[in-house]
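Let chain A serve as the given structure and place chain B on it in line with the hints.
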Amino acid sequence: MGRLGKWAMYAVVALLVGMAVLPFALMVITAIQATTRLEFTIRPELLTFDNFVRLFTTNNFGSALLTSSIVVVIAVVLNNIVSSLAAFGFAFKPFPGSKAVFWVYLATIMVPAQVTMIPMFILFRELGILGGHLSLALPVINAFGVFLIRQFMASIPPSLLEAARIDGASDLRIFLSIVVPAIKPVLVALTVFTFLTTWNDFLWPLISLQDGTRSTVTLAVSQLKGNFLTQYGMVMAGTTIAFLVPFIVYAVLQRQFVEGVTASGVKG
Amino acid sequence: MTTLQARGARTGAPPSTAPTRPARRAGWGGLLYIAPSLLVLTFIAIIPIVFSGYLSLTRYDVLSDPVFTGLDNYTRLLNDPNFWGALRTTAIYTLIAVPLQMIIPMILAEFLARVAGPRFSSIVRSVLFVPVVASLILVGTVWQYMLAPDSGIFNVMLKAMGLSSVNFLGNPQLALICVALVSVWKNIGYFLVLFYAGVQDIPVEQYEAARVDGAGGFKQFLHITLPGLKPVTLLCTILATIWSFQVFDLVYSMTGGGPGGATTTIVMGIYEAGFKSFQMGYASAIAMVLLVIVLIVSIVQRLAFREEH
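Chains as they are written, first to last, in this note's numbering: chain A, 67 to 334; chain B, 10 to 318.
These are calculated hints, taken from the structure and not from any lab test.
Cβ coordinates follow ideal geometry from the N, Cα and C atoms, glycine included.
With a cut-off of at most 27 Å between alpha-carbon atoms, the simulated DSS-like pairs for lysine-lysine come out as follows: (1) B:Lys228 to A:Lys72; (2) A:Lys72 to B:Lys239; (3) B:Lys228 to B:Lys239; (4) A:Lys250 to A:Lys165.
Far from chain B by the CB rule (all over 12 Å, computed), these chain A residues: (5) Ile108; (6) Arg109; (7) Phe115; (8) Asn126; (9) Leu132; (10) Ser135; (11) His199; (12) Gly234; (13) Pro251.
Not everything, but these chain B residues come out facing chain A in the computed CB check (under 10 Å): (14) Trp37; (15) Val71; (16) Ile113; (17) Ala143; (18) Ser144.
Extracted from the complex, chain A is given alone in its bound form (with noise of 0.2 Å):
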């Protein structure tokens, strides 16, 4: 690459990293100052946490963080939990027809959540179990966490489960103490990936909280901007603080995601 050819290679990354940060910059900026308009400028005049304020005093985002929260959770452990077990069984405990299920589960992968949505909006409603927290959490599980950690689980030497199996360790105790240690690597960036897609998740909250009994993050961020169209300071505190969570964990694990990211690579 020539010299010129370099510098403006050099240019145009520097315009792609301001533009990536450029809204993020203004809707803080928006956030914190007292004004019905968007800013681009600091006044420190006009400085203040009144949007914030009023988000948790008279918007309920305080219940909706709350919400997001318990179902982040629960779906990170289901997820964690669930899909180690059944990888454990898939590679390390064949059964007659377990190579079909198999299929099954990859096939699933394939299938867009917006086919499954309305199924599943009708099943839940029957079941009783619509708009409540475990109803939430529960459509982010797929596949994919099976395929990943089984695929992870390949570069756990088999002589190694033998030698316990030798030494009268059950299954159970086999994966508890060697598989899981073993593995843990995958486990933290299925829980990254599980964590942003259960925070991110819009579609499904909006069409399974219809009733507005409850709500979460993504969800009271729409709403707040239907409900203040111009109130753009409190609309971008609210942006703020969904963003704030995904952000600050992807601060602290960087790596994890990114892991998690290359790992979906392994999907073809």
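Okay, now just chain B, sitting in the frame of chain A:
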């Protein structure tokens, strides 16, 4: 499956069926471990998929029982200009978004992995990943404000340059382009991570050999990087295309499907038919079409790439 076996072969471990040792009789014990996941999957995937197919053959308004109507919903689909409009809109959106989501991260990955310093590259990747972690709803909300006719930053800048303001999201053609570009903005960091990993997997010797042969940077990109990235490109194109066909959150928050239905996509159509006018049967029929499209996209792209290998 192929990946699994390839991986097993690389690490020297036996392929995926390794744990079945002849000494151990296959028992039913494994089913116990799969049971919890199978139960969940039955409720959120297997029953719903079958049920969705059935619903698409009924008239169902949620209040009274579904009435079986055969292929009525599908014949109605074929004659529904709104459905064809949504399909067209989604296709145009995909045609704008997918190529850009492939080309930009690909060139960027090559530059960051092979030209820029490792520190610079790592910072850029981290920053470009920030939009990835943000929800589409907040991304759409912020961008809607940025593109607003009067106070939006782009119009403020246009005015500062003495140009007249543009109603980005109020113009049917522009609105669709804007939504598609925002999705590109959001996904660059995601695909960059995948392409970057892909570039790093290409052996350095290939580039060195090319350099000895007198190939410049562009030629190296064309003859080494591009072919080397083929598997990653396949995965990314499938992902990006499928995501594009599923677009909803961005449209919902940026334009609400407007102006005049210009940004109403397939999923927007499912949502409106099912949860606005409570025609669950008709909405399910649209959903089945989406399912078929997604499956066809995956299969066709896979075959196309296999052909070239």
